[in-house]
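Number of protein chains: 2
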Amino acid sequence: MTEHKKVSSVVIRRLPRYYRYLGDLLSNGVTRISSKDLSNFMNVTASQIRQDFNCFGGFGQQGYGYNVEYLYNEISGILGIQKGRTMIIVGTGNLGMSIAGYANFKKRGFTIVGLFDHNPDLYGKVVSGVEIMPITQLQEFLERKSVDIAVLTMPKESVQEILPYIKGRVKGIWNFSHKEILSDDGLAVENVHLSDSLMTLSCKIGRIELEKNKKKDK
Amino acid sequence: MTEHKKVSSVVIRRLPRYYRYLGDLLSNGVTRISSKDLSNFMNVTASQIRQDFNCFGGFGQQGYGYNVEYLYNEISGILGIQKGRTMIIVGTGNLGMSIAGYANFKKRGFTIVGLFDHNPDLYGKVVSGVEIMPITQLQEFLERKSVDIAVLTMPKESVQEILPYIKGRVKGIWNFSHKEILSDDGLAVENVHLSDSLMTLSCKIGRIELEKNKKKDK
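If you're matching them up, the sequences are chains A and B in order.
Following the numbering used here, the numbering of the first sequence begins with 1135 at its first residue and continues without gaps.
Following the numbering used here, the numbering of the second sequence begins with 1135 at its first residue and continues without gaps.
Keep in mind that the hints are not guaranteed to be accurate.
Because identical chains cannot be distinguished in the list, a pair is counted as satisfied if it fits within a single copy or across any two copies.
Claimed, not checked - DSBU-like mimics (lysine-lysine), calculated; alpha carbons at most 35 Å apart, straight line: (1) 1170 to 1259; (2) 1313 to 1338; (3) 1217 to 1170; (4) 1241 to 1349; (5) 1217 to 1301; (6) 1338 to 1170; (7) 1301 to 1241.
Calculated directly from the structure, the hints in this document are not laboratory data.
Computed from a predicted model, the values in this text were never measured in an experiment.
Turn these sequences into a full structure, and let the hints guide you.
Here it is as structure tokens:
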């Protein structure tokens, strides 16, 4: 069973990208691929790919390459896709709504079962088949329903209020609130800071500008 | 000058996080911090922190620690914050609107100068002081105005149309469209796949469940 194999957390962080690429290949009817072609396609060295896939027994064959569907299914298993995870979204501003409306999550087995907000104007509004409820009903909801993942798309300031009764009731927090939450033994956390990626982009632009100026100076 | 120093791209990817933490410390009035305290605070080893900061001359002093403001300013310089970058957002659905409304970007010197969409119902609507324009006016806009960054928050299918005239006109693309765009010599790209982080979370949950089941079996 895939899930019983040990895969390092560094490799795990690369798996979603492999998963996306292999999915693209599959839907284009590609059944086999060499690590060299996959490497060109993904802009990762072939040796890195071989190393990563070896972690979970995805051995390619010399002159034959990798079986795309096998790899796709193995990675899908490790990532827990199709396990059927339930999610609630707390904070139904633009970002929350964008996540609620993203059809691909549902396709991968992530089902939204509750939407919560502070804003009374939104109560009762139905998004993707789910009604927006007052955040004051969150605690009672979590006692009644089994929820795997809480998506926090609310302001930093409001997180402190709800964190105590979310912890212990959900298995994971997908946190966009800018309030860093630490994972612990029984709770998985992914803290997302969109602005980090904008800062990195800005830094890359700075380096390109620098190179251009150097060339001019010569 | 900070920007003339060579900093590896691996370190660059960690800088936004340091930048956030040091900013928090500054606004809490902390002026000095030891690598040990910073390490506890950030959940990174002290030796990693020392290595990273040494890259750009941020040497701490034995028994004294790091000067928080100095480090913050150095990192801010490397990240190109406060350089004054102009941005356009192409695709004003929920995700685009969420980025347009995020006040912190403006504080860090990223100014939105144009919003574009396909949907005629949105034309003329003003968001954060900027009017939504038809996407058909994008090319003419880029010829007229200097734009540093194009934020693509539109569906994959629509990217192909606009990519030819965005490339060469902007310095960087912040890409949320699920259509992988490659950086090249004159163009910086950050491809963002929000779902990668959800898959990673799901995977972490799976490992926690596994540990729990193992304990039960004992």
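Right, here's what the structure says about each hint:
Proximity of residue 1170 to residue 1259 under the C-alpha cut-off of 35 Å is found in neither arrangement, the shortest distances being 50 Å within a copy and 49 Å between copies. In this assembly of identical chains, the alpha carbons of residue 1313 and residue 1338 lie at most 35 Å apart whether taken from the same copy (26 Å) or from different copies (20 Å). Within a single copy, residue 1217 and residue 1170 get their C-alpha atoms as close as 32 Å, which meets the 35 Å cut-off; across copies the closest is 40 Å, which misses it. When the C-alpha separation of residue 1241 and residue 1349 is checked against a cutoff of 35 Å, the pair qualifies only between copies, where the shortest distance is 32 Å, while the shortest distance within a copy is 49 Å.
In the homo-oligomer, the alpha carbons of residue 1217 and residue 1301 lie at most 35 Å apart inside one protomer (21 Å), although the nearest pairing across protomers, at 40 Å, exceeds that limit. Taking identical chains as interchangeable, the C-alpha atoms of residue 1338 and residue 1170 lie at most 35 Å apart whether they share a chain (27 Å) or sit on different chains (30 Å). Taking the shortest alpha-carbon separations for residue 1301 and residue 1241, both the intra-copy value of 27 Å and the inter-copy value of 33 Å come in at or below 35 Å.
Hint 1 from the earlier list is the only one contradicted by this structure; the remaining hints agree with it.
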